[in-house]
Each structure stands twice: as structure tokens, then as C-alpha cells.
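Chains as they are written, first to last, in the numbering used here: chain A, 1 to 113; chain B, 1001 to 1114.
Please note: incorrect hints may appear among the correct ones.
Claimed, not checked - Sample of chain B residues facing chain A (criterion: CB under 8 Å; computed from the structure): (1) Q1042; (2) K1049; (3) G1053; (4) F1090; (5) Q1100.
What the hints assert, rightly or not - In silico lysine to aspartate or glutamate, EDC-like type, Cα no more than 20 Å apart, as pairs: (6) K1101/B x D1085/B; (7) K1049/B x E100/A; (8) K1101/B x E98/A; (9) K1049/B x E98/A.
No lab work stands behind these hints: they were computed from the structure.
Glycine included, every Cβ here is placed at the ideal spot set by N, Cα and C.
Below, each chain spelled out in residue letters.
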Amino acid sequence: SQTIHQWPATLVQPVGSPLSLECTVEGTSNPNLYWYRQAAGRGLQLLFYSVGIGQISSEVPQNLSASRPQDRQFILSSKKLLLSDSGFYLCAWSGGAEGETQYFGPGTRLLVL
Amino acid sequence: AQSVTQPDIHITVSEGASLELRCNYSYGATPYLFWYVQSPGQGLQLLLKYFSGDTLVQGIKGFEAEFKRSQSSFNLRKPSVHWSDAAEYFCAVGIIQGAQKLVFGQGTRLTINP
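All chains should be modelled from the sequences, with the hints used to inform the complete structure.
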């Protein structure tokens, strides 16, 4: 069966510091991968998606970037964090036998101080 | 533009009572529709989905939802709620633009009274 991992689970970072969040998927090949952000009291916003290695599409202009160095690895990065980057970041995957359904990881809570 | 509206931000029901969470969507084509549930500090768990066919879909944990094209709705129901159902519920529409993207509603927080 497929599983999706995110780490770290929680992160507290100062303003201006770099960021790297990692997401990995097991049990499937060539998944579509997604990064969402959930700000406090708000719904989920799609940030990036990827349909293959090295292929990244950005949905909203922002301080963040994404990379997909391996088939089942998706990384969310920033060179300099802003206060507004605080939130709950969720990675999701879709594809294979599951088709268009997206399955979510446990999330990373980021607090920028 | 595609959008999803969940009119109820917060709903409180008594344990054992029936539940209906409302969801309305705006999308020009035949939608893919989803309901997810999120417990505090957790990721999203898929409850059920509608792609085509029977408009009444069954999901996990005793939930069901009915797709009504004429009303652009996909309401979630459960005949008898349990205390463990307390969580946040998100309705989403899937749109195909390169990959399938999900557009989420703002969520409905469900509180269960004992």
C-alpha cells in the first residue's frame, strides 16, 4: 500500500532563515505531487504541483519554491522566511491505481517568529 | 472561476443525532467532488468521492454524500454521529489543468455535544 511521509512535523524558525520541508511517497511510481498551505482558520491553498521529476508548476506568487529531485520526493524551500509563511503545510500525491484522488500526508506545522 | 462554498463555518450536534454538512460548487464541467476530514493537527483523510455514476456515494465511517447537479451541491450526511466525528470537514472540487488540482471550501468545524 502507499504511504506518504512529511518531515519535520513541527518547525519554529526565525524570520529571514532558510526553509526545507520534505515529502516522500512509498508504494507507487511516477505520482503527481502537491504542496498545500493551510493558514490558521482558513482553507487549503495549492502552492505547487509536479507531474514528474524536475517538473514544477507554481500556483501562486510567493516566497517559496519547490523541487522534485527524485520520482517520489518533493521538497518545499525558501531562502528567507517571512512571518506570513507561518502555517500548516500539507503534501499530497495522486496517480497509479488511485487515479485522480489525492491522498495527504500528516503535515508540517511551521511557525516563523 | 472554480469555487467551493461551505456555508456553515461551525456546527454543533448532539451525539446520536443526524448530520448534514452543506457544500456548493461552481465549475463549468462535470466535477470530481470530494469530502475530506481533518482532526486537529493532522492531515486530511478522504471520506468519499464522486466521479460519475450513482449520485449517492458511500464513504468511510458511515458517511454518505449526494451529488445534485441541478443545485450544484454535494452535501455530506451521517444518520447518527459519534463523539469521534468531531473534526473539520472540507469539501473540494477537482479540476483538470495539467494535473488534477483541488479547490477547497473553507471547511466546517463539527462539535459533538455528549
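Taking the hints in turn, this is what the structure says about them:
1. The closest approach between the C-beta of Q1042/B and any C-beta of chain A is roughly 6 Å, which is under the 8 Å cut-off, so the hint is satisfied.
2. The beta carbon of K1049/B comes within 6 Å of a beta carbon in chain A, closer than 8 Å, and the hint placing it at the interface holds.
3. For G1053/B, the interface hint is violated, the least distance from its beta-carbon to any beta-carbon of chain A being 14 Å, above 8 Å.
4. Hint status for F1090/B: holds, given a least beta-carbon distance of 7 Å to chain A, under 8 Å.
5. Checking Q1100/B against chain A: minimum C-beta separation of about 4 Å stays under 8 Å; hint holds.
6. Straight-line distance between C-alpha atoms of K1101/B and D1085/B comes to about 27 Å, which puts the hinted pair past the 20 Å bound.
7. Distance hint between K1049/B and E100/A is fulfilled; the C-alpha atoms sit about 10 Å from each other, no more than 20 Å.
8. Taking the CA atoms of K1101/B and E98/A, the gap is about 15 Å. The hint holds against a cut of 20 Å.
9. Distance hint between K1049/B and E98/A is fulfilled; the C-alpha atoms sit about 12 Å from each other, no more than 20 Å.
In the structure shown, a violation is registered for the earlier hints numbered 3 and 6, in ascending order.
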